[in-house]
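Trainee: Below are the chains, spelled out letter by letter.
Protein chains: 2
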Amino acid sequence: MNALLTDLYQLTMAAGYFAAGKTGETATFELFVRRLPHNRNFLIAAGLQQAVDYLLDFRFTREEIDYLRSLPQFAKAESDFFDYLAGLRFTGDVFAMPEGTPVFAGEPILTVRAPIVAAQIVETYLTATIAFQTLIATKAARIVEIAGGRGVVEFGTRRAHTPEAGVLAGRAAYIGGCIGSSNALAGLKFGIPVFGTAAHSWVQAFPTEREAYLRLQELLGEHTVYLIDTYDTLEGARIAASLGRPMWGVRIDSGNLVEVSRAVRRILDAHGFQDARIMGTSDLNEYKISELMAAKAPIDAFGVGTDLATSRDVPNLGAIYKLVELSSSSQRRYTAKYSEGKHTLPGAKQVFRYADHDVVGCSWECPACTPGTPAVEALLRPVLLGGHLVAPLPDAHAARSRALESVSKLPGALRSLFDAKQPWSVQYSEELVSLSERVRKGQTGVSS
Amino acid sequence: MNALLTDLYQLTMAAGYFAAGKTGETATFELFVRRLPHNRNFLIAAGLQQAVDYLLDFRFTREEIDYLRSLPQFAKAESDFFDYLAGLRFTGDVFAMPEGTPVFAGEPILTVRAPIVAAQIVETYLTATIAFQTLIATKAARIVEIAGGRGVVEFGTRRAHTPEAGVLAGRAAYIGGCIGSSNALAGLKFGIPVFGTAAHSWVQAFPTEREAYLRLQELLGEHTVYLIDTYDTLEGARIAASLGRPMWGVRIDSGNLVEVSRAVRRILDAHGFQDARIMGTSDLNEYKISELMAAKAPIDAFGVGTDLATSRDVPNLGAIYKLVELSSSSQRRYTAKYSEGKHTLPGAKQVFRYADHDVVGCSWECPACTPGTPAVEALLRPVLLGGHLVAPLPDAHAARSRALESVSKLPGALRSLFDAKQPWSVQYSEELVSLSERVRKGQTGVSS
Numbered sequence: 001m002n003a004l005l006t007d008l009y010q011l012t013m014a015a016g017y018f019a020a021g022k023t024g025e026t027a028t029f030e031l032f033v034r035r036l037p038h039n040r041n042f043l044i045a046a047g048l049q050q051a052v053d054y055l056l057d058f059r060f061t062r063e064e065i066d067y068l069r070s071l072p073q074f075a076k077a078e079s080d081f082f083d084y085l086a087g088l089r090f091t092g093d094v095f096a097m098p099e100g101t102p103v104f105a106g107e108p109i110l111t112v113r114a115p116i117v118a119a120q121i122v123e124t125y126l127t128a129t130i131a132f133q134t135l136i137a138t139k140a141a142r143i144v145e146i147a148g149g150r151g152v153v154e155f156g157t158r159r160a161h162t163p164e165a166g167v168l169a170g171r172a173a174y175i176g177g178c179i180g181s182s183n184a185l186a187g188l189k190f191g192i193p194v195f196g197t198a199a200h201s202w203v204q205a206f207p208t209e210r211e212a213y214l215r216l217q218e219l220l221g222e223h224t225v226y227l228i229d230t231y232d233t234l235e236g237a238r239i240a241a242s243l244g245r246p247m248w249g250v251r252i253d254s255g256n257l258v259e260v261s262r263a264v265r266r267i268l269d270a271h272g273f274q275d276a277r278i279m280g281t282s283d284l285n286e287y288k289i290s291e292l293m294a295a296k297a298p299i300d301a302f303g304v305g306t307d308l309a310t311s312r313d314v315p316n317l318g319a320i321y322k323l324v325e326l327s328s329s330s331q332r333r334y335t336a337k338y339s340e341g342k343h344t345l346p347g348a349k350q351v352f353r354y355a356d357h358d359v360v361g362c363s364w365e366c367p368a369c370t371p372g373t374p375a376v377e378a379l380l381r382p383v384l385l386g387g388h389l390v391a392p393l394p395d396a397h398a399a400r401s402r403a404l405e406s407v408s409k410l411p412g413a414l415r416s417l418f419d420a421k422q423p424w425s426v427q428y429s430e431e432l433v434s435l436s437e438r439v440r441k442g443q444t445g446v447s448s
Numbered sequence: 449m450n451a452l453l454t455d456l457y458q459l460t461m462a463a464g465y466f467a468a469g470k471t472g473e474t475a476t477f478e479l480f481v482r483r484l485p486h487n488r489n490f491l492i493a494a495g496l497q498q499a500v501d502y503l504l505d506f507r508f509t510r511e512e513i514d515y516l517r518s519l520p521q522f523a524k525a526e527s528d529f530f531d532y533l534a535g536l537r538f539t540g541d542v543f544a545m546p547e548g549t550p551v552f553a554g555e556p557i558l559t560v561r562a563p564i565v566a567a568q569i570v571e572t573y574l575t576a577t578i579a580f581q582t583l584i585a586t587k588a589a590r591i592v593e594i595a596g597g598r599g600v601v602e603f604g605t606r607r608a609h610t611p612e613a614g615v616l617a618g619r620a621a622y623i624g625g626c627i628g629s630s631n632a633l634a635g636l637k638f639g640i641p642v643f644g645t646a647a648h649s650w651v652q653a654f655p656t657e658r659e660a661y662l663r664l665q666e667l668l669g670e671h672t673v674y675l676i677d678t679y680d681t682l683e684g685a686r687i688a689a690s691l692g693r694p695m696w697g698v699r700i701d702s703g704n705l706v707e708v709s710r711a712v713r714r715i716l717d718a719h720g721f722q723d724a725r726i727m728g729t730s731d732l733n734e735y736k737i738s739e740l741m742a743a744k745a746p747i748d749a750f751g752v753g754t755d756l757a758t759s760r761d762v763p764n765l766g767a768i769y770k771l772v773e774l775s776s777s778s779q780r781r782y783t784a785k786y787s788e789g790k791h792t793l794p795g796a797k798q799v800f801r802y803a804d805h806d807v808v809g810c811s812w813e814c815p816a817c818t819p820g821t822p823a824v825e826a827l828l829r830p831v832l833l834g835g836h837l838v839a840p841l842p843d844a845h846a847a848r849s850r851a852l853e854s855v856s857k858l859p860g861a862l863r864s865l866f867d868a869k870q871p872w873s874v875q876y877s878e879e880l881v882s883l884s885e886r887v888r889k890g891q892t893g894v895s896s
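Here the protein sequences come in this chain order: A and B.
With the working numbering, the residue at position 255 of the first sequence is 255, and numbering never jumps.
With the working numbering, the residue at position 372 of the second sequence is 820, and numbering never jumps.
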């Protein structure tokens with residue numbers, strides 16, 4: 001149902017492949033990033049579930065086809081082409097890293113092998129879906145790492161790039177290690193824990209701050225989090241303390257969080273609420289949380305909004321989707337691109353993860369087949385075969401567990417907030433290097 | 449249908465307002481930005497159509513209500529509350545600036561006056577929708593301005609924060625002045641011109657570059673744009689030239705665009721194709737286009753992707769939605785927030801635009817009613833009254849015309865890429881300042 005959600009050139013190329021009699025050719029495309037972004041020593045793969053949902057539902061509506069027919073770019077397209085589009089479904093294969101897997105530059109996150117027209121059209125959607133959630137899961141992993149065990153909640157829907165992106169930001173942040181999201185729909189759709197109690201407008205909506213707090217406590221009991229900075233934060237803390245149990249604690253959303261949290265802690269303690277917690281919000285990110293941790297600010301949980309839901313310091317991931325192989329009934333051709341600074345490696349690949357490095361090889365290689373090879377995991381796994389789901393995908397909880405466990409095993413330097421001097425080693429297999437040389441010599445590809 | 453797409457705390461507050469017997473109160477919220485972002489001297493309002501679509505369609509599904517009922521935060525909510533939610537519709541008023549209007553810090557872009565529960569719940573969706581499209585329309589206006597009449601096409605869906613955000617980025621970029629988008633669905637949904645012909649994979653999919661070009665020309669005729677940098681850009685230009693008319697021109701997507709475009713221009717001219725155009729792409733933005741323009745690079749049109757669809761240098765807009773007024777059958781209370789660095793002004797407002805400055809006043813003011821007042825436009829106009837659309841909204845074409853015309857009238861310094869020394873003057877009316885002082889003295893609001 002989403003098939004028109006793509007770049008127009010995918011559709012003009014589709015018409016061209018059709019006219020050139022290429023619909024029977026099978027294309028293999030790989031989705032990857034060329035370089036890790038600034039201050040990122042790894043990425044956390046995410047978004048596969050939405051990519052798969054899209055492929056399973058892929059089709060053009062009659063309205064979409066009529067629209068294409070009306071465009072000047074399709075004036076010379078054959079009428080048969082539109083019939084072909086109307087019947088087009090995704091019947092190909094997809095191999096992908098499970099969500100929650102750490103991924104590095106040059107490693108395919110997802111591979112599509114499908115009839116060329118469909119393989120081409122799905123580029124735009126797949127790239128955006130995987131890149132966005134991978135971006136946010138990665139950001140979340142950084143924040144969670146620096147928070148050192150204190151809970152991090154994703155709060156950013158209102159600043160996300162559309163509310164719908166906010167739902168998926170909540171999902172991706174959870175995969176990256178957050179304990180949950182403020183987004184209620186993300187809770188329903190993905191079973192993610194949801195958090196949140198009241199805003200400044202709640203306090204303003206009552207004649208007195210005390211009445212606002214009391215009403216909240218009546219409603220939420222032990223889940224009550226008082227937002228204490230609407231008028232005067234310390235006075236807010238005193239009112240909260242005066243109301244007694246039950247409460248979870250208080251939230252501070254402005255001011256110098258180090259000083260204010262200390263003062264609030266003293267007020268809560270003085271009233272006997274050593275167990276009341278302090279949540280810090282207010283334009284936080286991993287860099288600011290690092291400072292709060294260094295200053296030993298008595299903050300028990302962090303809410304992170306804008307910076308997490310938009311990955312503000314690295315607001316996009318340069319994910320690309322490149323043709324690496326093309327085959328018809330009679331031949332297979334490996335292909336690559338040699339533009340200045342934008343070259344690619346030919347042939348479908350596999351990513352082999354060892355304890356301390358990765359090897360990107362040709363898809364048919366099998367290092368584990370050689371006796372004596374150290375433990376190795378082939379990261380790209382079959383997801384769709386012939387357009388059908390091989391098995392239900394791991395859910396967001398499983399993806400989160402995989403991410404948390406995998407990140408904990410990475411060298412400490414890679415888990416810092418800044419570029420590591422010694423990045424994760426990603427090598428290319430001899431077979432892949434040799435294939436690339438043969439293709440380059442043939443300029444546009446070698447047949448085999 | 450989207451009512452659960454909100455922050456959980458909007459819903460816990462809703463339960464609290466219900467329990468406190470406040471459902472009959474009418475709240476007025478204003479959506480605005482406190483400060484203009486870095487290097488932005490104005491914003492272009494956009495996203496109102498999607499905000500209105502959401503409000504008209506606002507309701508909870510049974511599944512959504514059952515989900516809320518299952519959450520621990522609602523354990524103490526009254527059963528009547530869930531019935532109330534099931535019947536909840538948006539029955540309030542909305543006043544807003546028309547899409548395409550330049551807007552400045554502190555000026556409400558949109559005002560909601562509605563029963564407090566609905567007015568509160570819609571905050572998250574409205575804020576994200578308006579902020580995102582405003583962000584992108586603003587970025588587009590900057591790029592279009594610096595391109596000085598050369599066409600700018602939005603190309604960024606694959607890097608947008610979800611493919612669906614890419615559709616709206618295409619819409620917002622068009623409102624900001626782009627000539628169109630590569631997003632085919634944006635073309636269908638919003639009547640926006642769509643552009644695009646072929647990718648590197650097209651060239652790779654044929655045994656020779658020449659065959660790939662020939663096939664494209666057969667299909668697209670005068671719309672043909674050859675992407676000439678897959679293997680060797682200058683050789684690509686020579687192949688394109690050798691094929692003769694018809695063609696629109698060529699696209700260059702890598703390398704030093706100044707040098708390469710000059711060399712390509714010479715090749716095209718030498719073959720008699722003075723009328724063939726050159727499109728430049730490759731990670732462009734307003735700063736790089738400014739350099740290309742200064743170097744007089746012979747580029748006739750620009751395609752801008754990532755930087756435009758994500759507004760990379762300013763990847764979010766700090767839009768906020770603040771309670772300013774609360775009224776019941778017996779009283780009206782003005783309200784504001786006095787947190788450190790985050791204070792707001794009370795009362796529903798209007799923005800009055802004069803030739804060289806704006807005045808933000810109370811909603812009931814009428815400067816034009818005073819004889820001798822210079823020409824003034826009240827920017828916030830009724831959009832929904834009692835939940836019903838007052839009149840169909842201007843479409844994206846009308847919004848684009850409004851933006852282009854309005855921006856052309858702004859002082860030149862405000863249209864530069866950097867912060868103007870003399871920002872647009874936004875004043876507050878005497879009446880608004882006086883109201884604010886009265887409310888502050890009353891701490892949490894004054895009754896009237």
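Everything labelled a hint here was simulated from the structure, so no lab data went into it.
Incorrect hints may appear among the rest.
Claimed, not checked - Below, in silico cross-link-like pairs of lysine-lysine (DSSO-like), each with a Cα-Cα straight-line distance of 27 Å or less:
#, chain 1, residue 1, chain 2, residue 2
1, A, 22, A, 76
2, A, 189, A, 342
3, A, 409, A, 288
4, B, 790, A, 288
5, B, 736, B, 869
6, A, 76, B, 637
7, A, 288, A, 421
8, B, 470, A, 342
9, A, 22, A, 441
10, A, 342, A, 421
11, A, 409, A, 421
12, B, 744, B, 637
13, B, 790, A, 296
14, B, 637, B, 790
15, A, 189, B, 524
16, B, 470, B, 857
17, A, 189, A, 296
18, B, 790, A, 342
Owing to the predicted nature of the structure, the values given are computational and were not obtained by experimental measurement.
Trainee: Does each hint hold? Answer for all of them.
Mentor: Structure-based check of all given hints:
1. Our distance criterion of 27 Å between C-alpha atoms is met by residue 22 (chain A) and residue 76 (chain A), whose separation comes to about 17 Å.
2. For the hint pairing residue 189 (chain A) with residue 342 (chain A), the CA-to-CA distance comes to about 38 Å; that exceeds 27 Å, so the pair is violated.
3. Between residue 409 (chain A) and residue 288 (chain A) the CA atoms are separated by roughly 25 Å; this keeps the pair inside 27 Å, and the hint holds.
4. For the suggested pair residue 790 (chain B) and residue 288 (chain A), the alpha carbons sit about 19 Å apart, so the restraint of at most 27 Å is met.
5. This hinted pair checks out: residue 736 (chain B) and residue 869 (chain B) have alpha carbons roughly 23 Å apart, not beyond 27 Å.
6. The suggested pairing of residue 76 (chain A) with residue 637 (chain B) holds, with an alpha-carbon distance near 24 Å, which does not exceed 27 Å.
7. Using a Cα cut-off of 27 Å, the hinted pair residue 288 (chain A) and residue 421 (chain A) holds, with the two alpha carbons roughly 23 Å apart.
8. For the proposed pair residue 470 (chain B) and residue 342 (chain A), the alpha carbon gap of about 60 Å is over 27 Å, so the pair is violated.
9. Restraint check for residue 22 (chain A) and residue 441 (chain A): satisfied, since their Cα atoms lie roughly 25 Å apart, inside the 27 Å limit.
10. Distance check on the hinted pair: residue 342 (chain A) and residue 421 (chain A) sit about 24 Å apart at the alpha-carbon level, within 27 Å; holds.
11. For the hint pairing residue 409 (chain A) with residue 421 (chain A), the CA-to-CA distance comes to about 18 Å; that is within 27 Å, so the pair holds.
12. About 37 Å separates the Cα atoms of residue 744 (chain B) and residue 637 (chain B), which puts this hinted pair outside 27 Å; it is violated.
13. The straight-line distance between the Cα atoms of residue 790 (chain B) and residue 296 (chain A) is roughly 25 Å, inside the 27 Å bound, and the hint therefore holds.
14. The straight-line distance between the Cα atoms of residue 637 (chain B) and residue 790 (chain B) is roughly 38 Å, outside the 27 Å bound, and the hint therefore fails.
15. Distance restraint check for residue 189 (chain A) and residue 524 (chain B): the Cα-Cα separation of roughly 24 Å lies within the 27 Å cut-off, and the hinted pair is therefore satisfied.
16. A threshold of 27 Å between alpha carbons decides the hint, and for residue 470 (chain B) with residue 857 (chain B) the separation of about 46 Å lies outside it, so the pair is violated.
17. Annotation: proposed proximity of residue 189 (chain A) to residue 296 (chain A) is violated, straight-line Cα distance about 37 Å (limit 27 Å).
18. Taken as a hint, the residue 790 (chain B) and residue 342 (chain A) pair is broken in the structure, with Cα atoms around 46 Å apart against an allowance of 27 Å.
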